[in-house]
Amino acid sequence: MQRSLHIDPNKCTGCRQCEMACSYEQEGIFNPSKSRIRVFMFDAEARFVPYTCTQCAEAWCMLACPVDAIKVDLNTGAKVVHENLCVGCKVCTIACPFGTINYMSDRGKVMKCDLCGGDPACAKACPTQAITYIDADWTGLERMRVWAKKTDAGATATH
Amino acid sequence: MSWAGKVLRVNLTNGTCKSEPLNMEWAQQYLGQRGLASKYLAEEVDPKVDPLSPANKLIMTTGPLTGTMASTGGRYSVVTKGALTGAIACSNSGGYFGAEMKNAGWDMIIFEGRAPSPVYLYVENDKAEIRSAEGIWGQSVWKSEEMIRHFHQDPQLRIAVIGRAGEEGVKFACVVNDSHRAAGRSGVGTVMGSKNLKAVAVRGTKGVKVKDFKAFMEATNAAKAILASNPVTGQGLPTYGTQVLMNVINETGALPTRNHRDVQFEGASKISGEAMHEKRLTDGKPNLVKNQACFGCTIACGRVSMLDKTHFSVSNRPEYWGASGGLEYENAWALGASTGVSDLEALTFCGFLCNEQGMDPITLGTTIGAAMEMFEQGTITEKETGGIKLTFGNAEALCQVVEMTGKGEGFGREIGLGSKRLCEKYGHPELSMSVKGQEFPAYDSRGIQGMGLTYATSNRGACHLRSYTVSSEVLGVPVKTDPHVTEGKAELVKAFQDATAAVDSSGLCVFTTFAWGLQDFASMLDAACEGGWTMERLAEVGERIWNLERKFNNAAGFTAADDTLPKRLLTEAAKTGPAKGLVNKLGEMLPEYYKIRGWTPDGMPTNETLARLGL
Amino acid sequence: MNYLILGAGPAGVVAAETLRNTDPDGAITLVGAENEPPYSRMAIPYLLTGRIDERGTHLRKEPGWYKDRRIDVTSRRATAVHPGSKTVAFADGTSVPYDRLLIATGARPLRPAIPGLDLPGVHTCWTLDDARYIMDKARPGARVVLMGAGFIGSIVLEALAERGVTLTVVEMGDRMVPRMMNPTAGGMIKNWCRSKGVEVLTSTRILGIEGNGGQAKGGFLASLFRSKPANGGGALTVTLDNGHKLEADLVVISAGVRPNIEFLADSGIVMDVGIQVDEHMRTSAPDVYAAGDVAQGKDVSTGHNNIHAIQPTATEHGRVSALNMAGRPAAYKGSLQMNVLDTLGLISSSFGLWMGVEGGEAAEVIDTDNYKYLRLEFADDRMVGATAIGLTQHVGVLRGLIQTGVQLGPWKQRLMADPHRIMEAYLARTQA
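As given, the protein sequences belong to chains D, Y and P, one line each in that order. Note that the working numbering numbers the first sequence so that position 92 is 92, with each residue one more than the last. Note that the working numbering numbers the second sequence so that position 327 is 327, with each residue one more than the last. Note that the working numbering numbers the third sequence so that position 402 is 402, with each residue one more than the last.
Don't read these hints as lab results, they were simulated from the structure. We put the beta carbon where it would ideally sit given N, CA and C, even for glycine. Hints may contain errors.
What the hints assert, rightly or not - Pairwise CB distance ranges, derived in the manner of DEER restraints:
(1) D/Gln-129 / Y/Lys-143: 32 to 40 Å
(2) Y/Gly-322 / P/Asp-174: 33 to 41 Å
(3) D/Gly-117 / P/Ala-91: 42 to 50 Å
If we strip away everything but chain D, and leave its shape as in the complex, we get (with noise of 0.2 Å):
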């Protein structure tokens, strides 16, 4: 059974252990700012929401890299970037309904989740359980999924 990433914003404290243990293990520095995942904060609602990609099954980068450059990693259904491929055109970046796959300017490449090879990274350093690895019938990036649904340009088959 494939697993994703299961977010309860509830759970939340802000404390974004989770951008630097990303940021670490993407680019091997604590840097927020490089992190796949980002902690959004609505601060008068007192509401701290963890957000990154859900390996939408629609993959809107992968189907607009022009040149190969995003594919499945078959092991976790990952859509993994391929820095060796790609050409920095930005395509995907605009073609995410989501905004999670991202331009970085100082390697003129773009970044996403890549769920860690399949042990993902912000789960582990988060201390509240906000963010878990988990079976992924249904999560709480099943709201996310209806969403693309109604952003899907493309195959919404009609029966």
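Since the structure of chain D is already known, use the hints to place chains Y and P on it.
Positioned in the frame of chain D, the structure of chains Y and P alone reads:
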């Protein structure tokens, strides 16, 4: 590594921003943050300087572990000569500002001089610009943050700012960051205001590197596990925040009440952490909305509250209906027990006001408590207060006076002096519950003897965060000692003072010390920084910092005569509770303390001590 | 089932891939007009800069990718489609039958009627073959005139500048990328390019190009740095409508594109600017579908049919048409006009009705000094368009906000005040 290695020097008089390398030799001797910035201050500022003159400097400083994955690695401090005290001041704050500053590549920002007109500093990584604060000056903390963020169109900008209190010269103004975290004590915000510096807005995307990532991750993971399994840091603080203490300290008989006339407050349970969880009768919702962490913190003791919309303080003011920083133990006590007010919503509102205008609630609440005592004895009358009946327990009066103080209006201007100046002005200096001009926090030293010595010898005036012997005397960490005896307390205080000075210099939060020992800090620091950091070295660095601060204060004119407590605590016995009949026996502890410190009987570090510490 | 796909660009390749995933047994033939493996024109600028080699432009890179999927790839040019007999005629004289046909023949560059456009040294930049020619001519120090600063021209601009040529851009519109950026944003991009040493002439037309019949003038130093004339191309003189003349070693034409539909003239298929398709990507002819730059399909912003000649639309078209061709009905909700551009390090994007709608409202922030810009267009409390410069983080939510048509509620006013809070607005209204 771990230090960014850079200092931003901002001359407000000339309008220049310059980058210079961090003095790494000093970094090895003073670690960072509190210690290192104090070293810079001591080297660059004449201790006799008027704190509000352009010759004073204000330093914003991070520690080597700020911005790292170490739990609580989001701290920063503001170091200057304090406006409230005239002593060296170091106020520490969490939130997200410190980590952002470190991510922008700065260990320290040193502000010099005074801007000809109000300005704010904008920092984006290497870029630093002094910008006009026209239109922002005169606004609250919250409004200013909104305006600056709007101007730069960057939702991720982190901002440290003074409110109107800092502009109006309220002596205990803070520097507030992230809306409700504050470098709170000693009037560091007042100094900032005197420099015509409204705010510092930072955006950093450069990241933080440590010496040995693998070792560092191992050390921080082990340390996080300790925090998670400790009952205080793993359970008590996340659930109740520091407010977990309200009932505990009240039962200990050490909850200063009504300007320290009493040591127990009959309304304590109504303003406790437990009360914040209870559903209100009016709207069925609890005061507490949730707990919030500062950057990198796996404890998450921060309180976020929403007011009861029907409460008198805000019923027609929807701008206060959103979630914001809720009551912590200190402000709940200072605004509440100290004034005899047990209205949780009123105290929460006053806490909001303190954040909104940038005031230290400890000094504010204690000063209002002193004013209430003088009002009740007739020294202050309705003529002075403008018709406000400033009696103990009057929640409406409290809210009014807090709001007036924040804006520098009416009788608020008198409160803005702090208790020492206020009580002197009205002829009752003995009613100021302060040491070196700074008011006591929420532990009565008659019920917790060690805290008397802590307060008397604290380098920034009365303060619990300089040596939190409560930990040992009440909570039994690291070992339980009897709060009513003085024996052994001199040694305990020195050990706490030195260790805390090191912790305050690391970039991490002192609350971790409920669970961590110096060894835990040493493991993380040694993996992160060059220099072979051990527990022993940290203790030595702490002692060096303590003596450096002491030396500064001695040069500023403080003497052993200032290492004392108000008469009330030394002569008026506690009336109730376990400490009933006790006064603080400072005299039994102080000479021994001087001796252990290697100081003369006059409280001056001996040449031998100074030489041993490289001072 | 016998599937025939005309056009081996992104729409064709995605369609072939989707067909295979949906119908394991069908026969799939993918026909390209160029004698190249299926490649992406989007990648050509990066070939010019040397960031990738030719293989890097290929749409699928694993050896045997097409073979493994039993996709027959051939190269020949279609000359006619006969829906009645369900056959396609090719230039080589063959006629190929189909059960389902996808027309994804893309577009080709326009060559305006200007004297001298057929001279050696005057070239479009569209195919791999074009790229090879330009790489040979556009060497460091060469003087290059780029005609047209539309979206494609501006992408080529960056590639040429990175090759170290001395570049002059001539655009007849009053700003750069006039069909993607409003005057403020287009002006900002122009200033940026100029600050990076590229001469940009707007509101300027090229009247004609003359060959000098030999070595270009330009002084001793210029000849030191200039490449030898390649393929016999001589130096050129470009005459502008402002009376000025430009010396050039190479003129690159980027004056827009038009769909490749001429070969359908006798097919009876209903066409406008491109091939008209319904929401299932069907043309007016039975079992004939169209996708990509050649297809005039539903525009989610207007509800009308439009050509959106962009990669995401091409691949979405390819996917939806293939699903329908394979007998799995799928409705296309429409494409969103959007583009992202990197001009010498300045990143800009626009989405949907970036020019706004009548009676709508707009929020705009301009930071001229730092080359940052954001403009959001609203109709009631929905976002309908956006323009951004200097925004690289979470830029995709602009698409999300526009395409979902989410009602912004209180966030409308917040965005009017602080447009940069788009990510918060998106989360608050859709996820949180």
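Results of checking the hints against the structure:
no. : hint                              : verdict
1   : D/Gln-129 / Y/Lys-143: 32 to 40 Å : holds, 37 Å
2   : Y/Gly-322 / P/Asp-174: 33 to 41 Å : violated, 46 Å
3   : D/Gly-117 / P/Ala-91: 42 to 50 Å  : holds, 49 Å
The structure does not agree with numbered hint 2 stated previously, though it agrees with all others.
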